[in-house]
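S.K.: Here the protein sequences come in this chain order: A and B.
Per the numbering used here, residue -3 is the first one in the first sequence, and the count goes up by one each step.
Per the numbering used here, residue -3 is the first one in the second sequence, and the count goes up by one each step.
It is possible that some hints are incorrect.
As the list claims (entries may be wrong) - Cβ-to-Cβ under 8 Å is the rule here; a few derived chain A residues that face chain B:
# : residue
1 : A11
2 : S183
3 : V431
Hints in this document: simulated from the structure, not taken from any laboratory.
Ideal Cβ positions, reconstructed from N, Cα and C, are used throughout, including at glycine.
Protein chains: 2
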Amino acid sequence: MYMTNKLELLANLEAQFEDRFSRSLALREQHGRGESYHSVKSPDAVVFVETTEEVADIVRQCADARMPVIAYGAGTSLEGHLSAVEGGISVDLSRMNAVLRVSPEDLDCTVQAGVTREELNSYLRDLGLFFPIDPGANASIGGMAATRASGTNAVRYGTMRENVLSLTVVLPDGRIIRTAGRARKSSAGYDLTRLFVGSEGTLGIITEVTLRLHGIPETMSAALCSFPDIASAVNTAIVIVQMGIPVARMELMDRGLIEAVNAYSALELPLRDTLAFEFHGSPASVEEQVALVREIATENGADNFEAATSLEERNRLWKARHNALYAVVSQRPGAKGWSSDVCVPVSELGNCILHARELLAGCNVPAAILGHVGDGNYHVVFAVDPDNEQEIEEVAHINKLMVKKAISVNGTCTGEHGIGTGKIAYLREEHGAAVDVMALLKDALDPHGVMNPGKIFLR
Amino acid sequence: MYMTNKLELLANLEAQFEDRFSRSLALREQHGRGESYHSVKSPDAVVFVETTEEVADIVRQCADARMPVIAYGAGTSLEGHLSAVEGGISVDLSRMNAVLRVSPEDLDCTVQAGVTREELNSYLRDLGLFFPIDPGANASIGGMAATRASGTNAVRYGTMRENVLSLTVVLPDGRIIRTAGRARKSSAGYDLTRLFVGSEGTLGIITEVTLRLHGIPETMSAALCSFPDIASAVNTAIVIVQMGIPVARMELMDRGLIEAVNAYSALELPLRDTLAFEFHGSPASVEEQVALVREIATENGADNFEAATSLEERNRLWKARHNALYAVVSQRPGAKGWSSDVCVPVSELGNCILHARELLAGCNVPAAILGHVGDGNYHVVFAVDPDNEQEIEEVAHINKLMVKKAISVNGTCTGEHGIGTGKIAYLREEHGAAVDVMALLKDALDPHGVMNPGKIFLR
């Protein structure tokens, strides 16, 4: 019965997809893991899909056999999203990597879900356009939509929530829908686009994404600014937000992170608590922004403000910043990265980051603080020994206290990484009875619980 | 049984709410209508509520008696949202008009749903802050959230979709939830905020709204620009959007509208197809924007570009623009306003607006074209004789052709007014099978169909 169905399903999928179907152990393990520090389970098989119709076909078969389906993009999620907690089929979308359409006139495009953010930006560069959302990793656009990702540019350009115009989604029963047209705004019915953005594969599989694009700014300039302590850096950031200065990026890197980044990326940044900025706009506007930011930073005790105007300098700086997690982990052979991720109202940022620093004072695991401080979002990145249970417990405890602190000031347990398996308990703590509404929606759309079970909440 | 329950319910509510409960015909008629041109039905009774708990209590009683519940804010909706198509209780939130909290440091606030946008902006002015979303009418914030409203500033500041951070909602079973905290971004579970924004009271009643605010810009300046024809005006708007010039407002008013507005608001604007602009920013940035826009307009054949820098001039201009619907209607004694509302990708705007103008060429009903053209959103406003069935049919037919045209170019049947009773058929045409997903969500949250029945879709 049950098991027979599943074995039949596996045989059928193998016959149908031939060498695009695999049960190899290495591949299954890779597809269950992501970049997560959580203990994970491998799926029963991996299928490399090439069209939306193939995804729909697989989902229909899996629904019939009550076999879980887990979408896989670039495998860069951090909260155990890919773990096949009840077994299942990993639907690998990485070969769905076509840019289907770009409309420079409308500043939008449609891509298949497997296109990565770097692939998209390479494609767009010659058109004078870019897509700003940049989580550290080179994630897939479908995965970024599914976890409501953001990154360093969100303070200016928003997150996936603001930049997805429409989705093609395969529903848990195999039906295919498009959530919206291409109009910039609409009041036509429920906002299905935003319902699927951030649903982590639990309501359906995103196969195509229509995105807002932006013109490459006429002028871009960066700056690095060192502070005597982290409080001065954070206060500077808060004032900049409150004054509404439209910085494109404003990233906090604590001294420990600078040390790691210098070693990993062969840089010689000053060993201080640091804010890194990027400015976008017309020449006059960028000049104005830089002058204002320099003034605010100086008033808040900055002891160095260094501009990086050349493209090469800027690319090196942001590449180093994006590799922060890898930089911290590389300091300790055999270690795994664990990145906490909370977001608070900007007025609470100073007090919350100092709280995090206090928590780290007594911690034996190498760690650094970084933050998209313009949004109130910050991370502590740990390099954990995966075989040391005591260490894992210690980090889990700090993570928990950070989350509780964030929730206590009306913040969120996750700014951009999602819930996955790792933050299920905190979702309830943050949202209370609203989680029951989410569960009601889940049960309505996926009554058999086949879509990425065990994520966001336990059913 | 059924009817007995409802009669008992009415008696109970009257006993409970005393003079805040009314069955007066005039009040019931007013509460069923809004500013809609649709034929409407009055509710059975009106209750003036003062707290979220009272709303929850009423909803619970109504759910038990299977009595429909219809939220009422300022009564300015346009698509029949308030019509009690199956009878019911109108829950009037206008007395829930307290600003509960403003945080200038975080640029956010929380208000009760009955606060109007003008009340909120009066409150905020002394704090140097403003809330940009401005539908023509002085709508309530709760109603604006419920219809996903926007207005003239959306090209720069977004719509209610982007500016609502969190909602307090009474669910169809009387439970009260808060959809999110105050963090600027979050990846914690399904986006319930965006699910309720635009749900038109069919999934619950919004009683409190947490909003993003913006600092009043250092410099604001307006300009009026006349064109020899509507195509030149639209082309100018398209180039401005494509160049990413951050205009705060860019409004198209055709010659007919200018005539109506001049008469209604005692202005002497040149009788031409016109774009009205507002620019926000630092002095240097505003100057730069004005110069660029002037250049683009001139290249596209503008024959006049007039700046309006004084506060008084600007206020007069925008007040006149906001009264456009009333201005058109006032030209014809006894007429009612009917505003169509579609939104298309900006690249399609020229061709779609010319299509609308062609449709109007053969139309005997006084009409004018206006548009938030930076978003691709435009309206034809008709002054209809409500007793002339042939006229109503004629306007309905033009409305239908405009909607079909918009949908055919991947646009939407409603940019900002919502579906209500008026656009149910078009929702299906636009969204196809996705409407079934919306209906599934509706049935899951409101299994007895008590929340504003007959709106968005027929169940």
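S.K.: Taking the hints in turn, state whether each one holds.
M.R.: Each hint tested on the structure:
no., hint, result
1, A11, "violated, 29 Å"
2, S183, "holds, 4 Å"
3, V431, "holds, 7 Å"
When held up to the earlier numbered hints, the structure conflicts with hint 1 and nothing else.
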